[in-house]
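Colleague: Model the full assembly from the supplied sequences, consistent with the hints where possible.
Protein sequence lines correspond, in order, to chains L and C.
Counted from 1, the first sequence has number 33 at position 31 by my numbering; the numbering is strictly sequential.
Counted from 1, the second sequence has number 1370 at position 20 by my numbering; the numbering is strictly sequential.
Please keep in mind that the hints were generated in silico from the structure rather than gathered at the bench.
Among the clues, some could well be false.
Have a look at the derived ranges for each label pair, beta carbon to beta carbon [said to hold, decoys possible]:
(1) C/Val1368 <-> L/Lys377: 36 to 44 Å
(2) L/Arg18 <-> C/Glu1469: 30 to 38 Å
(3) L/Lys377 <-> C/Asn1523: 43 to 51 Å
(4) C/Val1575 <-> L/Ser360: 39 to 47 Å
(5) C/Val1368 <-> L/Trp444: 33 to 41 Å
(6) C/Lys1493 <-> L/Trp444: 55 to 63 Å
(7) C/Glu1469 <-> L/Trp11: 23 to 31 Å
The structure displayed is predicted, hence computed values, not measured ones.
Virtual Cβ for every residue (Gly too), placed ideally from N, Cα, C.
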Amino acid sequence: MNEEFKIAWRNLWRNRRRTMITAASIFFAVFFAVIMRSYQLGSYDHMINNLLESFTGYIQVQQVKYQDNPLIDNSFDYNDSIVAAISEIDRVVSVTPHLESFALASSGTQTKGAAIIAIDPEKEKNFSDPENKLVKYRITDEAISRLKDAGTIPDNVLEKVKKNPGRSYSSTARLELDLGLTDEENENFMPEILKCAEVSNGYLANDDQGILVSDRLASYLKVAIGDTVILMGQGYHGVSATGIFPVRGIIKMPSPEIDNKLILMTIPAAQKFFDAEGKITALVVNLTDKSNRTIKTAKTRINALLSDKDTVAKTWYELNPVLYQQIQGDSQSGQAMLGVLYFIIFFGIFGTVLMMVSERKREFGVLVAIGMQKKKLQRIVTIEMMWLGAIGLVCGLLASVPLILFFYYHPIVLKGDLGNMMAEWGWDAVMPTAWFGSYFYWQAVIVALMVLLATLYPIRKIGLLKEIEALKG
Amino acid sequence: MKIIELKNVNKVYNSTEVKVHAVNDVTLDFAEAEFAAIVGPSGSGKTTLLNMIGGLDMPTSGEIIIDGTNLSKLKSSQLIDFRLNNIGFVFQSYNLVPVLTAKENVEFIMTLQKWPEKEKDERTLELLKAVGLGDRINSRPTKLSGGQQQRVAVARALASRPKFVLADEPTANLDSKAATTLLEIMERLNHESKITFIFSTHDPRVVKMAHRVITLEDGKVVSDVKLE
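Modeller: Spelled out as structure tokens, the structure:
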């Protein structure tokens, strides 16, 4: 067997240039396929994290009519025991009650429709974690003036800060990303920038009667912490709902669409406001594992626990069919692109195989004539082709690793029209790569299959080889 | 003792227009340690006859029996193994494996025969020394002259300890000096190891050194002369 590997390896380098070109074509195919797929899956993950892990959840328990008619009338009774039972199900991370509705939010002369989500402030920390989304830094004119006055920030860094006027940040990571400072600049000047841009903020207590307002909505309503917002809407079974709520904090939602309209309050405050005593509209369930199998299993087990026949568990893709179909469609078109890429590369490999068989027909004849079994010769040719595939594959995968790692931790921030378009769709305009997963290993399988498929030709030719004809060349 | 018997061997090629009788009712036998040349003009059937004796081609009719084995009765894979263990080949254009060194080319046959490493090494060196290439064992074929390559091919043909060696015009591509050296080596090996050598050739130098000369014309044996 060692002899076969040795001969196959040496055969590979008979025509060094051709081998390099073929290996390079496999390298580029694998490299681009991995990067493309990583970006695609990374953006889905990002989208899912944005919209599902902090908003919809993977599964929701709802009143059966709520999805088609999302009114507070289609709410159901909150029951601690069912929450406890669902929490016991394998792979459930959190079960969080929500009471969701709409109201007009008004302050001074400004009025805007707002999505009201009532939460349990403590339990919500395990789900969307709004406390972590509280605005901590804001690039205001005052903050820029303070930075100027401090005199420790160089002009080029100050210019970068000025390019983000009015922006709010709930984390230093996003601020660093937007400013685009070098590592050295970050280390030297970020503490001063953070100090000048820092804002105070507050969270909800469990029995709080105040609200958290999303950053863009707060800007529109021109409210700050300590101001009040008047909410007007329709309560349970048509009662009029009005109330005045103090602003406890400003939160920054990653999705601009949500950031334009969100108000959070406690469930008791919302039940009182909507006159919906003891009611909620959803139990939001988050899972450890995003696979369809886990989601379906959890859904089945939750449905089995629900004694109230008016309530039902629905998966995130049942709740967001358009988004799900968008992801599926986009994923399939991405796979089709990769298919085309690999199809082209396959013919490159096949071309090499054709040339190799044509050039070595006589040699194959000699080897069989002097006593080499055809099966052994077929094995050598297969090993040779697998070497070729492995060189391109391993180099392609290795070259993609640093890029995937870099863009996983430093995602591309989309600006201009594309960034705005994504923002309009409600997506955070960054493009991270996906962490290494099955998509990465699948490239090895695809390349191996392509090479094996191409190798069928010489295998067949050797099988049908007639020594006397082959020896004539 | 007969090691090769040909009984009424015929080879007919059916082209679309005419039938070509390449070998016509040939009956011959070869004994152990013969040094025989098959001669004749181009198209007389020398190479076809040699190919059939080597099991590379099958007769249309007749029998070829080697050391008691009728080649026509063997399956393709059995025939390959039979060639490996009983027949050595020397081709006109050397046909060494280009990616292997001289030593590896000679060893190759023994590797196929699964010889132990130590014995394989010893025999390879012994053979390469015998053909005068003890100092070129690690050279690849492209670094060797035509005569040297053909000597490696002879060493390779002998490596498996075959019952006989078939050489199809072995000196055709060699200059006079290289051809003489090769023939002397083959004659010495024939004499020392008692291995039968059968050549097809046009070369009068080969004919001169042969102990038996078989002349073919139009596929028929027209003379079979044993020389002393």
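Colleague: Just to be sure I understand the hint, the distance between the Cβ atoms of L/Arg18 and C/Glu1469 should be within 30 to 38 Å; is that true here?
Modeller: holds, 35 Å
Colleague: Are C/Lys1493 and L/Trp444 spaced within 55 to 63 Å by their CB atoms?
Modeller: At roughly 45 Å between Cβ atoms, L/Trp444 and C/Lys1493 fall outside 55 to 63 Å, so the hint is violated.
Colleague: Does the Cβ-Cβ separation between C/Val1575 and L/Ser360 fall within 39 to 47 Å?
Modeller: At 44 Å between Cβs, range holds.
Colleague: So does C/Val1368 sit 36 to 44 Å from L/Lys377, Cβ to Cβ?
Modeller: Holds: the Cβ-Cβ distance is about 38 Å, inside 36 to 44 Å.
Colleague: Hint says 33 to 41 Å; check whether the CB-CB distance for C/Val1368 and L/Trp444 agrees.
Modeller: violated, 59 Å
Colleague: Should the hint that C/Glu1469 and L/Trp11 are 23 to 31 Å apart at their CB atoms be regarded as holding?
Modeller: At roughly 26 Å between Cβ atoms, L/Trp11 and C/Glu1469 fall inside 23 to 31 Å, so the hint holds.
Colleague: So does L/Lys377 sit 43 to 51 Å from C/Asn1523, Cβ to Cβ?
Modeller: violated, 32 Å
In terms of the numbered hints stated before, the structure departs from hints 3, 5, 6, listed from lowest to highest.
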